[in-house]
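All chains should be built: construct the whole structure from the sequences, respecting the hints.
Residue numbers (the working numbering), protein chains in the order written: chain A, 991 to 1394; chain B, 8 to 160; chain C, 286 to 644.
What the hints contain is simulated information worked out from the structure, not anything from laboratory work.
One thing to keep in mind: the hints can contain errors.
[Stated by the list, open to error] Each computed SDA-like pair below joins lysine to any residue, with the alpha-carbon atoms no more than 20 Å apart:
#1 A:K1365 x B:V40
#2 C:K310 x A:I1388
#3 C:K553 x B:L142
[As the list claims (entries may be wrong)] Some chain B residues well away from chain C (every beta-carbon gap over 12 Å; in silico):
#4 R21
#5 T88
#6 Q108
#7 G111
[Stated by the list, open to error] Counterexamples of contact, computed for chain C against chain B with all Cβ distances above 12 Å:
#8 K309
#9 N378
#10 M388
#11 L491
#12 A625
#13 S635
For each residue, glycine too, the CB sits at the ideal point set by N, CA and C.
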Amino acid sequence: MLGATGLAWAAQTENTCLDCHSALDPPFQVTAEKFAEDIHSQKGLTCASCHGGDPTKPDESAMTKAAGFRGKIDRKDVPGLCGHCHSDAAYIRQYDPSLRTDQYSQYVTSLHGKLRAKGDDKVAVCTDCHSVHDIRAPNDPRSTVYPLNIAQTCARCHADTAYMKGYAIPTDQFASYSTSVHHDALVVRGDLSAPTCTTCHGDHGAAPPGVSTVQNVCSTCHVFQAQLFAASPHKAAFEAASFPGCVTCHSNHRIVHATDAMLGTGPQSACVTCHTQGDDGYKAADRMHAQLQNLDATIVRSNKILEKARDAGMEVSEALSEQDEARDSLTKARVTIHSLNPAQVDEDISAGLNVTEKAHAAGVAALAERDYRRKGLGLSLIAILAVVIGLRLYLREIESGRRP
Amino acid sequence: MDNVAVSTAGTTRRRLVELFLGGGLLASVASFVYPLLQYLVPPRVADLGGGEVIAAKVGDLKPNSGIIFRFGSRPGLLILTGDGQYHALSATCTHLGCTVQYRGDLREIWCACHNGTYDLNGRNISGPPPRPLQLYQVHVRGDQIFVSRNQES
Amino acid sequence: MWAKILNWLDERFDWADLTAPLRKKTVPIHDRSYWYFLGGITLFLFGLQICTGILLLLYYRPSANEAFESVQYIMTRVKFGWLIRSIHSWGANLMIFTALCHMFSVFFLRSYRKPRELTWVSGILLLFLAMGFGFSGYLLPWNTLAFFATKVGTDIPAQIPLIGRPIMIFLRGGEDVTGATLTRFFGFHVALLPGITTLLVLVHLLLVQRQGISVPPAVEEDWKEHPARAREMPFFPNFMLRELMAWYIALGVLGALAALSPWGLGTKADAFAPAPAGIKPEWYFLFMFQTLKLIPAKIGFLDGETVGIAAFGLAGLIWMLLPFWVRADKRRTGSWILGAGVFVVAYMASMTVYGYLAK
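Written out as structure tokens, the structure reads:
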């Protein structure tokens, strides 16, 4: 095969295979247009690079055993075939020096790879995710492994209940993920740094993070929350109970936008799953929930009065934009609750209350100024009216001859 | 008899007119002059001219540290590096708007919300931030550190 | 006491002799006399603009970096700054409105007839100057709306062939609207335009003084036939006091507008931000703007917008030279001129409304 002989990457442009195969019916059909999209074709490789045979022969003699023809590659042989080149650092360096060459070694550690080694033919191999004959680079938006498309690629098997029969895992991950904040960030907002399946599970070495290590995955982005959590009483408690860290409250796939209702002692809170009335955790949860609600309500209240002043024509744009600081404090507080320490949360809450209370005072002052202006206007209008009436009377006086 | 009656009525009417006119004129002119005089007195809050604030005093910052200051209505970050240079930038992370901080240990600007990092020129070098932070100009006059927006080209 | 002061002035200025023509001046009284107040109100508002404008000059800074902030300073920190600024902004709009009403009342009362042609011409020029004041002043707060309105507004004269681009560059102080435009507009607004306007106002007033107040043709004829019916009142003090009433009421209206609906700040202009949707000029330019928007891109082989600008230019010229081409004979031209005038008013009003409602 190619790699073993260290073939130079000078383009082998002659690819007579496509002359026939583009006209054949599926499953033998591969059109020239389709293969032209493939990155291997663009780098000068031909059908023979994977399938063997002689690409220069325009007839059946191209597909003889003597020519090295391998025919259709069995699923079980795909990883080995791809890996033959893609694990050869010296070979790949000729095409893309920064391309990784550990995909195959990662794959054998993955759950897919392990089941594959045990003889399972249904698990994913290279071509299931990367497609075949039109393999695009991962940074091509049309690639099956472009960040925006990865979840759908995984879902092709993992959301197919019929296909996944016999495996002990659920098939609702894609549906759950599609409702999550992460999906929203990635697909709706277009933030390509937002997580998709491979971000948390790995790509070639894909496996579910273990219960005891899943918080490490979350903490790669959610640093602050993870640090606070690690210093909180929950860390030891969750480990002892074999709870999966962050996932315990936030779920793994259906990670919805966290609300204040998730904290505290209300019906939608996560805390009451374990805590009961009277225990320390219950009290802390209640207290922290109240703190968040308090700051939120105060911000709303001061916003209302500022908007009222603004609608009356008063200049309050500075105070209104200072409210952003208070909202920042609220966001910070919503992170600090992961410490489960109401006193620590209080630091952020009181900073926020400080700002928003100043804004409220500015709003009150603005409304007082508005009233002062209106009073002043009223007085001057009365004076003006008096003058107008006075002039009218004076005119009448001089015009009726009573005065010269 | 009639003349007297007419003239007394005339006097009261005259007085009324004088009251309205004189009083009204006085009151209305006062209502114009009062705001005018108040307007002419410059307010106590010294206006530095839009776009410039005193971020800190020399000595407020230790080398290799940063502080948050108010720039208009947004937060700004003032950094004093180990070699004695001041840097000022917008402290609003370009990812989701959290306030960034200076990490003396990393000598980089870091956002605690989602682990974004920027270098001292505001360039977004790692993590989710999509755009650099806006740089501001720093002038030290006497013992005051002034930060202003970059001048219009 | 008043007499003592007058006596003092008289001994030094020959005050009595100077004010003699004023004392002799009369104002004709008929059923349409009320329209005579409009000129005075416009003059009063102009004076008010000068006063409030000078006051604003005490705090305003005409550079792109500071203009917005200085207006914000006036609105929020300076005592009664909101009042002075709002009176100036509202006053500007009111003044142009009364100027337009004054112009149309003169038109319909046919006061532009001989010998008052130059009064009409100077008046039309004053209207153009007022609009120039409005256009240059609008940019000074340097907010987003003003910035883009100026951009669009100065793009339009650029369409004039040959001289258009030089005019645009002269107006903008460069190729684009920048801080240089602000400085230039400030110069126009506080120095160039006031200088020219003051001279022209003096000419206009002098003419009115020398020629007296005109009377509509129908009334004129009636009085010729029945001299006993001619009524007039002395300008001083009768008409003057009435004018004072009108001016005081105008002051009250402006004060109310300023206190109840202060003029807004907007957001600071950012040259690199995309233009917000639906940029419109001030209402007194709207009818022209809307008309230009409706003209198709090409008319025959000519560029549509250029045709529009040329048409408005021509219309303005015809309008300004009205007294010279309108025949004195009322019977021949009377009703069609009236109809044309009604059409012009209706067109301007409806296009202004349309411009407001259109996106």
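Status of the hints after comparison with the structure:
1. A:K1365 x B:V40: The given pair, whose Cα atoms are some 16 Å apart, holds under the 20 Å limit.
2. C:K310 x A:I1388: holds, 17 Å
3. C:K553 x B:L142: The hint holds at about 19 Å.
4. R21: holds, 16 Å
5. T88: holds, 28 Å
6. Q108: Consistent with the label, Q108 (chain B) stays out of reach of chain C, its closest Cβ about 27 Å off (over 12 Å).
7. G111: holds, 33 Å
8. K309: The claim stands: K309 (chain C) keeps its Cβ more than 12 Å from every Cβ of chain B (closest is about 26 Å).
9. N378: holds, 21 Å
10. M388: holds, 29 Å
11. L491: holds, 29 Å
12. A625: holds, 43 Å
13. S635: holds, 38 Å
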